[in-house]
Amino acid sequence: MKRVLAVDDSSSVRQMVNFTLRNAGYEVMEAVDGKDGLAKAGGGKFDLIITDLNMPNVDGIQMIAAVRKLPAYTFVPILMLTTESQAEKKDAGRKAGATGWIVKPFNAEQLITVVQKLVK
Amino acid sequence: MSLTTKTEILSTVDRARDELAAMAVRVDQEVLSAAASFEGLAKHAGTIMNLTAAIIGCVASEDVTSVLAKVQTLGSATKIFIGKQLQATDGILETIATEGKVLGQLSAVAAVQEGIALQIKLLSVLTNVEVARIGIMGTGFQYLAHELASFANSVIEDTQVLANQIQGRRAAIEETRRTLTQELPLLRTELARIEADLGAALAEMEVSLGQLSSVPVQFRDCVQDIARQIAGIVSAIQSNDITRQMNDHVQQSLAFISSRMRGDVDADSGSSQELPLAYAGITIQTRQLRAIDETVGGWTSQIRACTRDIQRVSTSGVLGLGPTVLDQERRLSSQLANIQQLEYKSQAYTGRIQHSLGGLANLAQSVGEHLKRSRSVRDRLRLLAFNSIIEAGQLGSKAGAVLAISNSIKEISATWSGLTEQSGLAMKEVSGLVKRTNAVMEAFSAASTEHLHEAEGQTRKGLDGLRTAADFAARQANGMTAAVEKMQTKVAEVGRTADSLDACFSRSEAVLSELERLKHRLKADHPGERLGYDAGEVERLFSAFYTTELERNVLRAALAGHALPVSQATMAGNSVELF
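Those protein sequence lines, which keep their order, are chains A and B.
Residues in the first sequence are numbered consecutively from 97, following my numbering.
Residues in the second sequence are numbered consecutively from 6, following my numbering.
Please keep in mind that the hints were generated in silico from the structure rather than gathered at the bench.
Careful, some of the hints might be misleading.
[Unchecked claim] Chain B side only, calculated, beta carbon under 7 Å to chain A, not exhaustive:
(1) Glu44
(2) Ile242
(3) Gln243
(4) Asn245
(5) Gln250
(6) Thr553
(7) Glu554
Keep in mind that this is a model prediction, so the values were computed, not measured.
For each residue, glycine too, the CB sits at the ideal point set by N, CA and C.
Here chain B stands alone, though its shape is the one from the complex (with noise of 0.2 Å):
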């Protein structure tokens, strides 16, 4: 051996521990940072799950998941609310028909009437003229003229009175009709559309409430995932102190090579004693750097999975439960608005119907005030056609004209009472309608309504506390906001100092390269059998340095010449034991 190769190894051997101490410092400080950072990001990811944890407290303590089940019961009230205006519509339409119908029979009946009104007046001028013709035994027959001329104009009276009548209410269920047929496509249509967005909204709110109650598990799992994640970073942080040690025990196993090389007093003639340790000692060095390498490499991978996985666990789905809470308390209240519309519109909507089918009963009463004249006009005509008929008959011969007159009235009498049932039957027809007009109005009152009252009452509790949930959720958010954000910063930090890290380990492959080509020169230097040396003897001088088992299992692998022992996960940690 050389001089040169003398203090070729020294050389190398304290350059070598020099940079593995100026690295043990700059790692020392990086790690440091590394968990000063940790902290903080631990810290935000705390305070996420803790307003979250709020939250999900929030949401249980208002019961909203049985919000779900009044709002079903708030849409089938509307949907059975819906049908029965529909239905009624439809009803109020047909009842609007048989009406026109009748007041076309009532006003035939009414122009019949009017034309035998204006026969009687002129029944009575004939009887006036035939009285004066026939002298004093004609006077019982001016009662007669009287009364017919009465008749007559009561009767021309009264049936103007009915035709204005049928008039006025024709003009109103037209008017019914034209507004019934022009609203009730767009009332379907509007009913039709809450309907169908009732019933999407409770879809959504199935599906909603559904992860609603799922998230306390998924919470659960959250926390569990990050205090996994956050266990893992500690390992890891900790795992420096090994390689720390590590490096330390590399360092001081130089040192040993380095004084045993400086105190070996033939090293310079070539026949050195302690070269063959010189060689073992460097081969376990550069085996140890490699087992540094790995664990380093491990750990620094470690955070960074861990720190990712915090950020991944802490923007999930679950973590952002407030938005979805305000966003279901949001529609649901849209829904509701829309409800309450659609009554508003039913309330006015009922309002002009009550209006216009109220003009129905003042038919009703006409009529049968009408039937009830025409039945007192029908008996009198028949009494005045019988009583006329008995006088003329005592009259003989002169009195074939008022004969005449009086089988006139009592044919007029007869037409009249064929009118009257008419009339009669038209009322019970009108009386009807007034009775279905009723039934179909009860769709429209207010006892009708009660149901879906009660629902919406209790829909409107359900999101008051929907709403309690949603606002503290709210107000939540820019606190988890804020948190998210400056984790995320921290989880960058982290991800910084572990490049720094990376950076600084990799100084160790400068010092292994230039360890590996020492020995491989040393080895050239020396073929054969001049490198060899005591495993035993090796050991038992190395292993003082080591402390732990890695650096034991790889001291005990370089010389066996095996490869590197598979370092340890540092994830799970390590044993515990109590004495």
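For reference, chain A alone in the conformation it holds in the complex (with noise of 0.2 Å):
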């Protein structure tokens, strides 16, 4: 089963995208902001990492930035899923290492979609 992680530091949003890829096929982890997403991350391996932008301690561009040099992490696809939808904060997404970039709220069937194109 294919392992998914989900960093954000509302527990709502972590329980919908828990909800809707677990009923998907997937194993969903859940991690309530970068800090932690980014120990997570390192303690185990992931197929994706799903991560909102603004989060305490440590936000969503700083920790891709993080798990991207970690070696296991070099072409896992990270998604940002965020209330975010300015093109600069896109830019720096993606120069942090994020693959696709989703504006909250998400579609539960175009998130499936998209996990499954990413998560062969």
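Assembly of the complex is requested from the two constituent chains, each provided in isolation within its own frame, with the hints serving as guidance.
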């Protein structure tokens, strides 16, 4: 079973990502912010990371940059899931190593399609 | 600006911020509760869909939809069977009526033959008297007297046997006629009822099986519908995160206004440099709060609508498929039992008719034997008459009386011959009746019911499949009912949470009113240009707090004095961009 790490400071968003992907056959682990996400990514192997941008402690872009430095995550897809939609933010995310950008709220079917496409 | 006003501004702004912070905590708790209830709801909806999918799978694997063709074949076989039985019963009644007439004719013949026997007996006595009178010359006529006596006894015996047989047959056919006359209307009614019931069952089944065949498509639509509603709730619950952030941003903006006001040394002098910024900031925050209000209203009503729809779909006819299949099976099994009952009755009925009509063959045999004897009597009478006339002629006038007896025998012989012909005709009619009866009884034979049995066998096989599906549906029914009940509980829970969320957010109305009042007082205290601000500078300062497109649009609309932008529908979700 493919493993997904969902990083968001909103527990309801984490819950919805978990619910959606679990029902689509993925194993989902949750992290409450960038710092927690980084720790969990380092502690285990995930096939995909979905992260929020604005979070306490370590934000999404900082976390992506740090995760990309981990050898196991060089090619692991990382999706940003955020309310932000500004081009400069997206650009910063892309430069940090994000694979894609989803503006909240996500559509369950679309999320599953994207995840299936990225995690083969 | 007076000191009181500055205190008022700070107090109102700080209170608003605290109130919004408290509200955010409560909203977070309520949304978590809503999400948990929703997960339960989705789980139960999933259970219902899985049970329904299993029933549909069973219906498909048992080839239930082929039952209709089998029952149609059974319907037409039963109709043919019923038609043949009715036609045969009519034929039997006709046969019986004809047999009654033939028996009448035979009875008349037998009566005449009995009369002739008595005449012959009398002639035998007269012959003996004449033999005694003419003495030795009449010895040859003693044989004639003996033969006549013997004929008379034999004919009397024979006609009595026939008369008894006729009497017995009359009683038997009367019994058959009475039975058939009584039972035929009942049989007709019963057969008509079975035919009508079967027709109605077929019509119902056609509709139901038509529905069954469309169920997979309808089910797929239901699955898609529920998936859409679940996606709608998933989007709506996420929207809480957006409003939470918007709420945080309003709090941060209010903190910024408060900080700027506190740091302004001139604030107390009434010529505060920060007053226009505070005024503009409060205006923006009231707009942001209104946008939050609308967004929240949108997603709580979306949660309600989606849960209602999930409930509606989950209790729809398609998902109530189990009882439909069960009902079909029960109705058809009852029809099959009716047809079998009809067959049992028909077997008993056939037995009685066969027993009754079996006597006709015995009658034919008796009439045949009687005819044979009658022909023998006719031939011998002819011979006796011929011989006695010759012999009497040789004796001349002495045997005048014997000649008269011989002539009488000749006449009787002619009459007997006529009666024998009548018996022969009656025999032909009886033989014809036996043939007709055999043909009629063909309708009650095993060969005739073979087609019906074959159709019954096929239908029974089809019903076995339907029963398997129905049993399966029945076993799933309890699980389905329990899941629907649990789901309804969860729907109510989600509804209550949505109510609580509405109540939480109604506190933002109070904050909004307070900020609006402050804004109006500021405007009233500082008429003219004193509250004027640099829109570009204000946008630069406040845009740092806003992260969503909606907030930025609200900021721009507030500064330009435009109406609030329409909040984006959350159901469809937002775009996905892959780098």
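Taking the hints in turn, this is what the structure says about them:
1. Glu44: At about 6 Å, which falls below the 7 Å cut-off, the nearest Cβ of chain A leaves the hint on Glu44/B intact, so it holds.
2. Ile242: holds (5 Å)
3. Gln243: It holds, given that the least Cβ distance between Gln243/B and chain A is near 4 Å, below 7 Å.
4. Asn245: holds (5 Å)
5. Gln250: With a closest approach of 6 Å, the Gln250/B hint holds.
6. Thr553: Interface hint status for Thr553/B: holds (4 Å vs cutoff 7 Å).
7. Glu554: holds (5 Å)
In summary, the structure agrees with every hint in the numbered list given earlier.
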